[in-house]
Amino acid sequence: MRLARSLTLVLALLSAACQRGHSPGERARLVFKYQPLWGDPAPLREHLARFAAENPDLDLRVETLPNSTDLIHQFFLTALEGGDDSFDVLVADVTWIPEFARAGWIADLSDGFPPDALRAAFLPGPTDAVVLGGRTFAVPWYVDVGLLYVRTDLTPRAPRTYDELRSFARAAMERHPSLAGYLWQGRQYEGLSCNVYEAIWGHGGQAPEVGRRILLDTAAARTGLLYLHDLIASGISPPLVTSAAEEETRRVFQDGRAVFMRNWPYAWAELQAAGSPVRGRVGIAPLPSLSGQPGPGTLGGWQLAVNAHAPPERRRAAARLIAHLTSPEANLLMALAYGRNPARRATYADARLRAQAPMIADLAPLVEHARPRPVTPYYQLFTDLLQGEFSAAISGIRTPEQALARAQRQVDRLIGWAP
Amino acid sequence: MSRGAPSRGGSLAAERRQAYLLVAPAVAVLAAVALYPIGAALWLSLHRHIVVFHERSFLGFANYRFLLADARFWSALGHTAYFTVVAVSAELALGLPLALILHEARRGRGLLRALVLIPWAIPTVVAAKLWAWLLNPSYGLINRLLGGADINWLGHPVLALHTAIVVDAWKTTPFVAILLLAGLQGIPEDIYRAARVDGASSFRIFRSITLPLLRPALALALLFRTLDALRVFDAIYVLTEGGPANTTETLSLYAYKTLMRAGDFGYGATLSVVTFLCVALAAAALVRGLGRGWEEAR
Numbered sequence: 001m002r003l004a005r006s007l008t009l010v011l012a013l014l015s016a017a018c019q020r021g022h023s024p025g026e027r028a029r030l031v032f033k034y035q036p037l038w039g040d041p042a043p044l045r046e047h048l049a050r051f052a053a054e055n056p057d058l059d060l061r062v063e064t065l066p067n068s069t070d071l072i073h074q075f076f077l078t079a080l081e082g083g084d085d086s087f088d089v090l091v092a093d094v095t096w097i098p099e100f101a102r103a104g105w106i107a108d109l110s111d112g113f114p115p116d117a118l119r120a121a122f123l124p125g126p127t128d129a130v131v132l133g134g135r136t137f138a139v140p141w142y143v144d145v146g147l148l149y150v151r152t153d154l155t156p157r158a159p160r161t162y163d164e165l166r167s168f169a170r171a172a173m174e175r176h177p178s179l180a181g182y183l184w185q186g187r188q189y190e191g192l193s194c195n196v197y198e199a200i201w202g203h204g205g206q207a208p209e210v211g212r213r214i215l216l217d218t219a220a221a222r223t224g225l226l227y228l229h230d231l232i233a234s235g236i237s238p239p240l241v242t243s244a245a246e247e248e249t250r251r252v253f254q255d256g257r258a259v260f261m262r263n264w265p266y267a268w269a270e271l272q273a274a275g276s277p278v279r280g281r282v283g284i285a286p287l288p289s290l291s292g293q294p295g296p297g298t299l300g301g302w303q304l305a306v307n308a309h310a311p312p313e314r315r316r317a318a319a320r321l322i323a324h325l326t327s328p329e330a331n332l333l334m335a336l337a338y339g340r341n342p343a344r345r346a347t348y349a350d351a352r353l354r355a356q357a358p359m360i361a362d363l364a365p366l367v368e369h370a371r372p373r374p375v376t377p378y379y380q381l382f383t384d385l386l387q388g389e390f391s392a393a394i395s396g397i398r399t400p401e402q403a404l405a406r407a408q409r410q411v412d413r414l415i416g417w418a419p
Numbered sequence: 420m421s422r423g424a425p426s427r428g429g430s431l432a433a434e435r436r437q438a439y440l441l442v443a444p445a446v447a448v449l450a451a452v453a454l455y456p457i458g459a460a461l462w463l464s465l466h467r468h469i470v471v472f473h474e475r476s477f478l479g480f481a482n483y484r485f486l487l488a489d490a491r492f493w494s495a496l497g498h499t500a501y502f503t504v505v506a507v508s509a510e511l512a513l514g515l516p517l518a519l520i521l522h523e524a525r526r527g528r529g530l531l532r533a534l535v536l537i538p539w540a541i542p543t544v545v546a547a548k549l550w551a552w553l554l555n556p557s558y559g560l561i562n563r564l565l566g567g568a569d570i571n572w573l574g575h576p577v578l579a580l581h582t583a584i585v586v587d588a589w590k591t592t593p594f595v596a597i598l599l600l601a602g603l604q605g606i607p608e609d610i611y612r613a614a615r616v617d618g619a620s621s622f623r624i625f626r627s628i629t630l631p632l633l634r635p636a637l638a639l640a641l642l643f644r645t646l647d648a649l650r651v652f653d654a655i656y657v658l659t660e661g662g663p664a665n666t667t668e669t670l671s672l673y674a675y676k677t678l679m680r681a682g683d684f685g686y687g688a689t690l691s692v693v694t695f696l697c698v699a700l701a702a703a704a705l706v707r708g709l710g711r712g713w714e715e716a717r
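The listed protein sequences correspond, in order, to chains R and C.
In case it helps, our numbering puts the first sequence at residues 1 to 419.
In case it helps, our numbering puts the second sequence at residues 420 to 717.
Calculated directly from the structure, the hints in this document are not laboratory data.
As the structure is a prediction and not an experimental result, all values here were calculated from the model.
Each hint should be verified, as a subset may be incorrect.
Not everything, but these chain R residues come out facing chain C in the computed CB check (under 7 Å) [said to hold, decoys possible]:
#1 Ala103
#2 Leu381
#3 Ile397
For glycine and all other residues, C-beta sits at the position ideal for the given N, C-alpha and C.
One chain only, chain R, in its complex shape (with noise of 0.2 Å):
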């Protein structure tokens, strides 16, 4: 009998605990989660309190994720697959949105932000990552593009050409014996994908071309390969460079050590830091191409998405923090504060940032011409086979003609494309 009256008043206790989480007295929670924003915290802080000061009858939450874009990928896989609906609004790398669009994972949000209006205010590149089939997916929350960095002290000026890349790198090199040539980013890891695609769009190519098929076993991508595995065997690029990311070129090109190194802007501000030993000798540039055109660099960057598994008030609730945060005003913050390139056309031409931040002001026509990696709901899905074989035609282990023909056998499996 004890026992029966005290399950019931655990039972009891229990309900009530539950009911209180459901109460119509109590806020609904809005759970905000991202990636955690290098440097100080406190102005997307106060910029976030704006939005709970104008929404009371919402309780903002934020959560941040780990730093590392995969383990993100698979914590938004896991939970998104499984229907958690405990977060509302997700950053999302600009490769992902097909893939959690076809999957049902992310909210449409054409009725707040209609694709003619995101168009019109965005840049091109970023805006046809998340506008699919007409629809729009996710908002555009920063921007990310690869670039040159330059050795202004070492070379006459910016190489146009990958001939001029060579030939600048080796007059400086025979100058000074101990300098690299050309650092870029080379381990077995999306960085990797993105270098290639660079060099294959600086040799006139479009691919990897999607259709039904993705075709990556093209004469540009086999050009753009050989190019890169060039780069190492005729010493140009150092041997460190196949096992390299971001921060391993980064480190050795602050060091200087190197006449060029391909990175994206976040390396700026590191190299004009006090105490760097480059700082005011180093100029950015569009990458190098075959015909000397300003090459493509790679698009990059984190869009807003909302989670399609959370009930629909709390949808709306959801757009409207999108809108507060990727604003003409969130923009320029992050731009000044955090140093993130904004994804508004109209932002670099805004007087204060052209004052205070005039290099991300500068990099203008370097987002607008971005490209995006192939646009395809399998991107995420099968990169992680491009990079071995990539790896692989870089280090010289493969051909590219066998690299490419492997890969191309193993994506054409995966997405089901059958001759």
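Once you have looked at the hints, place chain C on chain R.
Chain C in isolation, oriented as in the chain R frame:
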């Protein structure tokens, strides 16, 4: 008599029924945790199943046909076999002298054994992370000790797999040594005494007495380590994630990447089934070969 026989048969049948009843729970548990997953993986391997997009269709043996011509699979199988043969040989070759030292040591025996076991006691992921830092080309202690050498231990296509083997040998040699030590202690002291009375040299004693009598322990160590090495995942995942250019990718890593990164459950299951078959075959071959060894040892 005429009633005795059927009644004895009846009691036998009843006993048998009872025996079945008694082992039934164990069989049911085994079936649920071992047979069912294997069956489910086999069934899954006959499908195209991209879990993210809920794509699922029956393929028959198409995944297996693809596998036969999958260059990445054959490289992974080659890396796994090479890793197993070299790592296990090295561990046995290093473990035996270590066991002999531990066996002969008179003073500080307990302390010595505890020290030897440390690498085995550290969780593999922690140990591998530690080694990754030691081996870091720019900031690692090992290159510093080599006088500022610029060796990319884990980034070089040929070096990386061998570095992983060294880390694995460091980690599991103590385990082999302890297994062999147990074997050594099971050898009766009288035989040694008799041999010494007969004037046998130390080497002769080792070759004619220690080694043959240690055979069962050696066989056990070989079996355990081979099966473990064939499934190697954690150390390599932490050290290289299969890179550079998939030159350190083993079967388990390939299966993991196909399942968890590419979200391709059908082909991932195919790879898992084939890995399972390889391990099962190796186990069967070893048990047969070693069974013969045990007979001879007796």
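Hint check results:
Of the supplied interface hints, the one on Ala103/R holds, with its beta-carbon coming within about 5 Å of a beta-carbon of chain C, less than 7 Å. The criterion of a C-beta within 7 Å of any C-beta in chain C is met by Leu381/R, whose closest approach is roughly 5 Å, and the hint holds. For Ile397/R, the interface hint holds, the least distance from its beta-carbon to any beta-carbon of chain C being 5 Å, beneath 7 Å.
Comparing the model with each earlier hint shows no violations; every hint is respected.
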